[in-house]
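Engineer: Following the hints, put chain B in place on chain A, whose structure we already have.
There are 2 protein chains.
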Amino acid sequence: MSEEELEALCGELRDFLITHVARTGGHLASNLGVVELTLALHRVFNTPHDSLVWDVGHQCYTHKIITGRRDRFSTLRQPGGLSGFPKPLESPYDVFVTGHSTTSISAAYAIACANKLKGSDDYAVAVIGDGAFTGGMAYEALNNAGRSKTNLVIVLNHNSMSISKNVGAFARYLAVIRSKPSYLRLKEWTENALDHIPVLGERMKEALRSSKSLLKFILYHSTFFEELGFAYFGPVDGHDLPALEQVLTRAKALHRPAFVYVETTKGKGYEYAEKNPAVYHGISRFDVETGNPDVSLEDSFSAVFGQELCELAEKDSRICAITAAMKAGTGLTEFSGKFRNRFFDVGIAEQHAVTFAAGLASQKLLPVVAIYSTFLQRAYDQILHDAAISRLHIVLAVDRAGLVGDDGETHQGIYDVAFLGTIPGVTVYSPATNRELKAQLEKALYRTDGVVAIRYPKGSDAGEEEFGSDPAADWVFEQNGGRIAAVSYGRISNSLRRAIQNIRRPVDFLKLNRIFPLEDALVQQLMEYQRIIFFEETESAGSVAERLCFQLSVKGFSGRFQAVTLPDAFISQGKVPELLKKYKLDQASMEFILREEEAETCQK
Amino acid sequence: MSEEELEALCGELRDFLITHVARTGGHLASNLGVVELTLALHRVFNTPHDSLVWDVGHQCYTHKIITGRRDRFSTLRQPGGLSGFPKPLESPYDVFVTGHSTTSISAAYAIACANKLKGSDDYAVAVIGDGAFTGGMAYEALNNAGRSKTNLVIVLNHNSMSISKNVGAFARYLAVIRSKPSYLRLKEWTENALDHIPVLGERMKEALRSSKSLLKFILYHSTFFEELGFAYFGPVDGHDLPALEQVLTRAKALHRPAFVYVETTKGKGYEYAEKNPAVYHGISRFDVETGNPDVSLEDSFSAVFGQELCELAEKDSRICAITAAMKAGTGLTEFSGKFRNRFFDVGIAEQHAVTFAAGLASQKLLPVVAIYSTFLQRAYDQILHDAAISRLHIVLAVDRAGLVGDDGETHQGIYDVAFLGTIPGVTVYSPATNRELKAQLEKALYRTDGVVAIRYPKGSDAGEEEFGSDPAADWVFEQNGGRIAAVSYGRISNSLRRAIQNIRRPVDFLKLNRIFPLEDALVQQLMEYQRIIFFEETESAGSVAERLCFQLSVKGFSGRFQAVTLPDAFISQGKVPELLKKYKLDQASMEFILREEEAETCQK
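Protein chains in written order, with the working numbering: chain A, 7 to 610; chain B, 7 to 610.
Bound conformation, chain A alone:
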């Protein structure tokens, strides 16, 4: 293809992306930014023999379109459709599942090592953004890969705009090396000059390379990446396709680890997205002409959390808020403006976020760490070792807890109940309504000690009436003299209560607000029932149902215990209501199950 044809192709790809994401929702800004980069990678490298690993793979749309999935692109993020992330089961061009950040260098380096062990000359390429570089795993992998003799290329996609505006010293360092083309030019100039002096020039180059001279320091150690053993190229304009191809070709020719610094513009080619890349990072359906998304997040649980935390922080100067690069997503934008000194965006660094919070707590401050359930998985050890062992009082605001829908397997918040429940001394609240979220946040901060988590789902309060008079009570028990107790917590409690009302049979309704630990008095109360049925939006392993069942059993419970939970499996993308229905956690399924249970109890 000619240069003009390629340019036209990029334009077509952008139009295609905008039109389709407007219909399906998805990650837009990052994908618009890497259209040329994706084409260049596929033109220079021989995929799928060479492996492309996309970090936090939501930037893989163009890659999917040009590797045979254009026709199915309208199914993106739909039930049974294309995944929004790389998925090896979908295509041999998708090498590694990447939904969480900062894993690409580890995976690509491993693939490069495997190629070498097999005697293959194939390449492995990691494409990683500057945001992902705030995660520690990048350094763990760079440290290993740097001086290896492998066919590895790391492409840094610098768009100065990860999900939240990128903060920290490393981002500034990147800005500094970006502004230093002079050294690179100097280096290139010297090498070129020496290239033109036959024999002697080559020797001088060698001498320079092996010397410890100051000149060498200037010429050959211009960046941290070079110090770590990578050949360094850049910065390159990420929207200049010929330049990209040229640099990638040179990097590939070296047959040793290379680091290519590419500058792109997030949202490139769609005015609204260029102006507001954060808004178009992950977006629902929107109107292409106006750029307006068709849902508002104003009354989401995240927003309510953020507002309430501001109100509490107004009165208490000990309250600090910490986020791992998700300021807007976790509802902390207002807090960050109002309490600048007490707001800490640590980058995509969940481990550091939790240990940092533990450090603040050791000084009697009141840290609240807001992280999505799925990303909190990365801080398991820090919660246990750095906070819980010392009973430090930190509050984990676990956003997107439960099924999340379109993002699928890699982002479901259905493991936090299980993994938090394995950490001694942790208290977990699981509110179902805005009012409960506020009251339980206050309780977590002031009337609970040690590590406290408060978990709430993506989306908003269903506008239900309240459970009980005290939204911070550990549980609400609505007893109608039934022989069956139906138990639940979180957002599906609404469906359960309605189901019980609808079937008009004597079934007692227990709604938990605090799910760990379960109070002995409550377990004792449940001993009286003939049947207990637990509806729970979490995997079965490590569920509250499992814990409760065990506590009842060792006390000698003689009734029947049933649990309806999600399976112990990875759950694919789909709309949340449909997934709840599939796993019998919707109101209609609950009614059916309760009727059956009730009928069986009566027969006895």
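A couple of the hints might just be wrong.
Because identical chains cannot be distinguished in the list, a pair is counted as satisfied if it fits within a single copy or across any two copies.
Calculated pairs, SDA-like style, for lysine to any residue (alpha carbon to alpha carbon, straight line, at most 25 Å) [claimed, not checked]:
| id | residue 1 | residue 2 |
| --- | --- | --- |
| 1 | Lys370 | Pro94 |
| 2 | Lys561 | Lys588 |
| 3 | Lys444 | Glu11 |
| 4 | Lys281 | Tyr589 |
| 5 | Lys124 | Ile325 |
Keep in mind that the hints were calculated from the coordinates and are not lab data.
Structural biologist: Below, chain B without anything else, positioned relative to chain A:
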């Protein structure tokens, strides 16, 4: 104190350390290395107002001795005695619990922020080794702390010798900047020269600092740490007390983040330890004169694992071994020598280790990752997201699973059963003997798919006879027609079988080899029993007992279920046999409990 008196004090402290650790066991080499550094820190900083955070706190012995705990030092690591790690409950001079690596910068930076928020001028100091710098959290924290306006000093204790020999590009980088005193001297020389030119000199210094010139690059950006915003000092001889005090005083005077590079010799002052620092890293009791430890680790589970893996790797070139800076501890020394290309020591980087293994597995190699149970906690997300979602076949060799004894709370391997059990599709084997370990490792590699863990305790096979004829069977059921089934797995299975033999009553004995998942046929077999009693060396939350109880209950089990496990708590240091006795997991307690159960069953 005069310089001579201080030197004498250092000698005394070293003698004291050697004598005491020879009796109690503990970490010796690292402590001998930081005697002067500890004194210098305490002389320059005003502890406990200023906070000292020791990374992987096992180097805190001198710190403990000089902060009022000299008299109790003979109780180190003994039940009820001093902890081998910093412990705030023990002393106000211990600011933060640090048993796992690479947390100190996060914690110290948080303390520095807290001081600033409170308007205090107090300092926070992190002391971190070059080994810990292979962990990603260090960068996450540096990235945040670098350009902050806080009273923070980071001391890099470079002893070129973390637990395993330090590998990777960053270690080489440290060696490079260590060998570059010329630039530092040049910088100092220039500044000094300018200092002697009144008025104009100051202006020139300012101009230099704010310029973007090449000269500035040479003078002011000599290290990565300076690029990240730290004032950089070093390298300093870590055994030269006056020099240390001078540099720390200068760093403190700046009132902004400073990075001090200190060089020490591990094992300093004890010949055997200087020559073999890895042996004296963590050591049991030893003879001071000969340096000989009084236990041999030759037949430990770790050693057996290493030997077996070598035998398998001899026949199968796909097998790779990965360790996170614990080559000797995990028994992989022989493997690393024999199969250099297939051995990967990734540094103290458990996250990267697991994702790297997943990457190898994606290329159909057979990676085995050997990590201690307590450290594997840090790779929870990587196991789940990078390996299990894609059903990549990796083998986790989980060493030090169960109670570990003297290291206490921070190192107990009593959570892996629980957290591995929450990850969908993970298979877990738990051998009790050498023969089982070998057979189950083979089964994990060749007859199991997806993520497989094989967990084994610290120490060695008790030399028991074998359970059943097939050491790789998923379970062994010795049925004597009893109405009680007693269940266990791992090393305490030995005690349970002996207990059953001793009481001479009809109790059936079920030993599990595969603890997750539990096969339905087995659960079905257990439905027949009147009583089931489960003995388990893990926390109760997330235990196999809990899972089994739930599976039985939902099937309608009508018998009685009891479980004897460790409590859901952090368990302090103590000898393993004593701890097992305390929690009723020793043979005598088992006999007592079984007799009682049996008597109750007969009465019915």
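Engineer: Next step is simple, just say for each hint if it's right about the structure.
Structural biologist: Results of checking the hints against the structure:
no., hint, verdict
1, Lys370 to Pro94, "between (47 Å within a copy, 14 Å between copies)"
2, Lys561 to Lys588, "between (34 Å within a copy, 22 Å between copies)"
3, Lys444 to Glu11, "neither (56 Å within a copy, 61 Å between copies)"
4, Lys281 to Tyr589, "neither (41 Å within a copy, 62 Å between copies)"
5, Lys124 to Ile325, "between (55 Å within a copy, 12 Å between copies)"
Checked against the numbered hints above, the structure violates hints 3 and 4; every other hint is satisfied.
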